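Participant: Here the protein sequences come in this chain order: A and B. Sequential numbering of the first sequence, starting at 1, is according to the working numbering. Sequential numbering of the second sequence, starting at 74, is according to the working numbering.
In short, the hints are calculated from the structure, not lab data. Note that the structure is a prediction, hence the values are computed from the model and not measured. Each hint should be verified, as a subset may be incorrect.
Claimed, not checked - No farther apart than 30 angstroms at their CA atoms in a straight line, the calculated lysine-lysine pairs in the DSBU-like style are these:
#: 1; chain 1: B; residue 1: Lys331; chain 2: A; residue 2: Lys17
#: 2; chain 1: B; residue 1: Lys203; chain 2: A; residue 2: Lys35
#: 3; chain 1: A; residue 1: Lys64; chain 2: B; residue 2: Lys779
#: 4; chain 1: B; residue 1: Lys219; chain 2: A; residue 2: Lys35
#: 5; chain 1: B; residue 1: Lys779; chain 2: B; residue 2: Lys550
#: 6; chain 1: A; residue 1: Lys8; chain 2: B; residue 2: Lys462
#: 7; chain 1: B; residue 1: Lys219; chain 2: B; residue 2: Lys335
#: 8; chain 1: A; residue 1: Lys35; chain 2: B; residue 2: Lys336
#: 9; chain 1: A; residue 1: Lys17; chain 2: B; residue 2: Lys219
#: 10; chain 1: A; residue 1: Lys35; chain 2: A; residue 2: Lys2
#: 11; chain 1: A; residue 1: Lys17; chain 2: B; residue 2: Lys295
Stated by the list, open to error - Output of the computed footprint for chain A on chain B, the stretches with three or more beta carbons under 8 angstroms from beta carbons of chain A:
#: 12; stretch: 129–142
#: 13; stretch: 315–322
#: 14; stretch: 351–359
Even glycine gets a Cβ: it sits at the ideal position worked out from N, Cα and C.
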Amino acid sequence: MKTLKEVKVGETATVVKLHGEGATKRRIMDMGITKGVELHVRKVAPLGDPMELNVRGYELSVRKVDAEMIEVL
Amino acid sequence: MELKIALAGNPNCGKTTLFNDLTGSNQYVGNWPGVTVEKKEGKLKGHKDVIIQDLPGIYSLSPYTLEEVVARSYLVSEKPDAILNIIDGTNVERNLYLTTQLVELGLPVVMAVNMMDLVRKNGDKIDVAKLSAALGCEVVEISALKGEGGIAAAEKAMAAAQAKKAGELPHVFTGSVEHAIAHIEESISGKVPNNFLRWYAIKIFERDSKVMETLHLDAELKAHLEEHIADCEAELDDDAESIITNQRYAYINGVVDKAVKKKAAKHSLSTSDKIDRVVTNRVAALPIFAAVMFLVYYIAIGPLGTFLTDWTNDVLGTAWLVDIPRGWLEGVGCAGWLTGLICDGILAGVGAVLGFVPQMLVLFLMLSILEDVGYMARVAFIMDRIFRKFGLSGKSFIPMLISSGCGVPGVMASRTIENERDRRMTIMTTCFVPCGAKMPIIGLFAGALFGGSGLVAVSAYFIGVAAIILSGIILKKTKGFSGDPAPFVMELPQYHTPSAKNVFHATWERGWSFIKRAGTVIVASSMILWFLQGFGFTETGFGAVEDNNSSLLAAIGGAVCGIFAPLGFGNWQSTVATVTGLIAKENVVATFGVLFHIGDGVAEDDVALWGAIAQHYTMLSAYSFMVFNLLCAPCFAAMGAIKREMNSAKWTAAAIGYMCGLAYLVSLMIYQFGGLITGEVSFGLGTVAAVLVLAFFIYMLFRKNKYDDNRLTVSAVHAAKVVTR
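Based on the sequences and whatever the hints tell you, model everything.
Facilitator: The structure is reproduced here in structure tokens:
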């Protein structure tokens with residue numbers, strides 16, 4: 001299973017499934033990370049975490065711990 | 074008839090700008106009942122009977138964040154006459170997600186597509202008619218920043234409110250989901266207000282715990298509804314909440330494809346992205362961050378800030394505010410004690426605080442600019458990694474930065490932290506940063522005993538930061554701060570040119586809350602203090618005393634000062650100064666001036682005061698006293714802010730108790746261990762106590778986090794589940 005955490009800077013991936021549950025999962029979905037959406041990894045913060053994504057035309061930052069819950073292709 | 078229009082939209086969509094534009098200065102700022110989310114309302118310009126209710130900036134109407142719960146319970150229970158939904162025209166897709174939820178409420182909705190100037194500049198096209206048809210509400214184009222279309226949008230919302238008609242509900246979901254929702258609607262019909270029927274049905278489908286609590290459905294009905302939901306879940310192979318979210322976005326995708334034409338290619342770099350490539354660059358981000366912070370501080374506390382402070386203190390605060398009235402009062406032959414009360418008690422107290430205002434305004438001005446530009450979110454992005462280690466979030470940096478100016482707005486700035494646990498932790502620790510009012514204390518002791526060494530101030534900041542870090546590590550392992558880790562899912566808004574109106578508004582709002590403090594708490598406490606130190610019992614009975622060593626204040630200080638003896642400052646003057654420091658930290662200096670018979674208008678660089686301090690303190694006891702005053706309970710105004718933001722007597726007491734306790738223990742260690750080295754104190758009970766305290770701190774720092782353990786096992790189980798699938 002490949003997760004968002006493993007996607008390299010500058011690469012684009014498609015969301016397959018969201019793992020986890022409750023507030024965190026809902027929050028991630030509310031922000032537009034849903035099944036089938038394209039995520040473009042823009043960069044990683046200077047200290048290695050969090051990462052910056054381009055999703056649905058805007059910039060979103062997600063911690064790597066949470067990125068691990070996002071299964072991508 | 075009075076109309077209520079609720080202003081709803083995502084954070085960063087320009088809602089604040091529009092709200093200021095619509096209401097002007099006619100605003101009322103308070104809190105939503107029971108929670109610490111800011112509530113703003115105002116009257117629409119030119120329409121006395123129309124109230125604009127600003128809702129918190131939200132992305133969704135989920136039951137998980139405080140802001141969202143506040144917004145939706147307002148919409149459902151207060152039933153505003155219309156909703157004015159602002160969406161960011163440069164980011165239609167995510168903004169419409171909230172819109173799909175708002176229209177379900179069955180209230181009249183008008184959508185205002187904001188930032189149209191930017192949309193046009195980018196060469197993009199938005200087909201308003203198609204948006205309107207797809208979402209079943211009227212759509213207007215506005216540009217809040219340029220002041221275009223705002224009033225027209227509000228008037229459209231007024232018309233919609235008067236018509237009392239909600240739009241045609243769009244069919245957002247697919248067949249089987251709509252089918253299940255229709256079933257639920259049928260079952261709960263009559264149990265909820267008719268126009269909220271669909272909203273409740275969808276919430277039940279999502280198994281929204283907060284809605285289920287309020288509905289009190291009987292078990293049989295619940296089981297029946299559950300069947301429908303489970304069937305649908307089985308068919309679509311996903312959980313109900315995800316189904317709803319996915320389908321909303323799928324619907325929006327379709328709408329956006331038809332209605333929005335973007336000129337630029339997907340994932341291409343906008344100007345904002347290009348700026349970000351440099352500003353949050355892996356190599357350059359930290360140096361740029363340091364440079365920005367240096368610039369802010371250089372301007373606020375450097376030459377310009379110092380000039381402003383000096384001028385207000387010497388000219389406005391002393392010459393105009395105190396000396397001129399004194400001349401008048403003496404001229405008209407006013408009684409000596411009354412002149413004293415007015416000039417030395419009230420006016421001098423207010424003047425001391427007002428002297429601080431210009432510097433504060435400069436600082437707030439710059440922070441407001443950073444906020445308005447969009448840099449603050451980047452600060453959180455850059456700093457998150459560090460702060461998370463101490464149980465805080467990247468957003469904690471902002472309150473702490475502001476606290477170095479003043480703890481009151483610093484504590485207030487903690488509102489931007491969504492997670493309650495992170496917010497409480499931030500409130501509890503943010504006042505450890507030496508604020509501007511603590512600077513005179515540092516300056517006084519540095520000048521009197523350390524030859525004016527700048528190292529004293531540096532070490533004060535170091536101690537403040539260390540107190541935050543160590544507190545974070547210790548507190549996050551305690552029961553009160555255990556729980557699920559907070560998601561850090563944060564939008565990085567587009568950079569934009571700051572709007573002068575917004576910046577000045579924000580600066581003034583913060584500055585005003587500080588000035589109000591000078592007008593209320595400080596005046597009252599200055600009067601009480603003036604009385605306590607000017608009056609006392611002498612051989613001739615109670616009355617005004619010449620020598621304040623025989624004042625009431627001295628008596629009170631003398632009675633309790635013993636508890637500070639192990640810390641090296643058991644004299645009553647120190648106790649009294651600490652107490653007056655609770656009114657405002659800069660009072661400590663003035664109090665020493667009075668108590669050592671130098672005068673109450675002294676500054677921290679007064680040579681006579683330095684001499685008096687040097688007589689009463691050693692370097693070590695002075696340092697211990699300074700550290701105690703830096704870490705212990707902040708001033709009354711900041712404590713008030715803590716109480717407001719914690720919104721709980723228990724947490725307020727815990728926060729203030731923790732600060733005082735930590736201050737006492739740290740000063741104890743400094744004096745006892747330092748004293749052993751310098752030979753100032755000999756080995757004794759105090760040393761033993763200090764060793765125990767040190768051992769306790771080390772244990773608290775390095776003990777295993779048993780709550781974290783639980784969390785790990787939970788995620789391990791979860792990971793196992795994922796693998797077996």
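Participant: Confirm or reject each hint.
Facilitator: Hint-by-hint comparison with the structure:
1. This hinted pair checks out: lysine 331 of chain B and lysine 17 of chain A have alpha carbons roughly 27 angstroms apart, not beyond 30 angstroms.
2. Only pairs whose Cα atoms come within 30 angstroms are accepted, and lysine 203 of chain B paired with lysine 35 of chain A is accepted, the gap being roughly 26 angstroms.
3. For the proposed pair lysine 64 of chain A and lysine 779 of chain B, the alpha carbon gap of about 23 angstroms is at most 30 angstroms, so the pair holds.
4. Between lysine 219 of chain B and lysine 35 of chain A, the direct Cα distance comes to roughly 38 angstroms. Violation of the 30 angstroms bound is thereby established for this hinted pair.
5. Restraint check: the Cα-Cα separation between lysine 779 of chain B and lysine 550 of chain B comes to about 7 angstroms, which is no more than 30 angstroms; the hinted pair holds.
6. Between lysine 8 of chain A and lysine 462 of chain B the alpha-carbon distance is near 24 angstroms, which keeps this suggested pair within the 30 angstroms criterion.
7. Simply put, lysine 219 of chain B and lysine 335 of chain B have alpha-carbon atoms about 22 angstroms apart, close enough for the 30 angstroms limit, and the pair holds.
8. At roughly 26 angstroms between alpha-carbon atoms, lysine 35 of chain A and lysine 336 of chain B fall within 30 angstroms of each other, so this suggested pair holds.
9. Of the pairs offered as hints, the one joining lysine 17 of chain A and lysine 219 of chain B is violated, with about 42 angstroms between alpha carbons and a cut-off of 30 angstroms exceeded.
10. At most 30 angstroms may separate the alpha-carbon atoms for a hinted pair to count; lysine 35 of chain A and lysine 2 of chain A meet this at roughly 14 angstroms.
11. Between lysine 17 of chain A and lysine 295 of chain B, the direct Cα distance comes to roughly 29 angstroms. Compliance with the 30 angstroms bound is thereby established for this hinted pair.
12. Only residues whose beta carbon comes within less than 8 angstroms of a beta carbon in chain A count, and the stretch 129–142 of chain B has 5; three or more means the coverage holds.
13. Restraint check on the stretch 315–322 of chain B versus chain A: 4 residues with Cβ-Cβ distances below 8 angstroms, three needed, restraint holds.
14. Residue count for the stretch 351–359 of chain B with a Cβ under 8 angstroms from a Cβ of chain A: 6. That meets the three needed, and the coverage hint holds.
Checked against the numbered hints given earlier, this structure breaks hints 4, 9; the rest are met.
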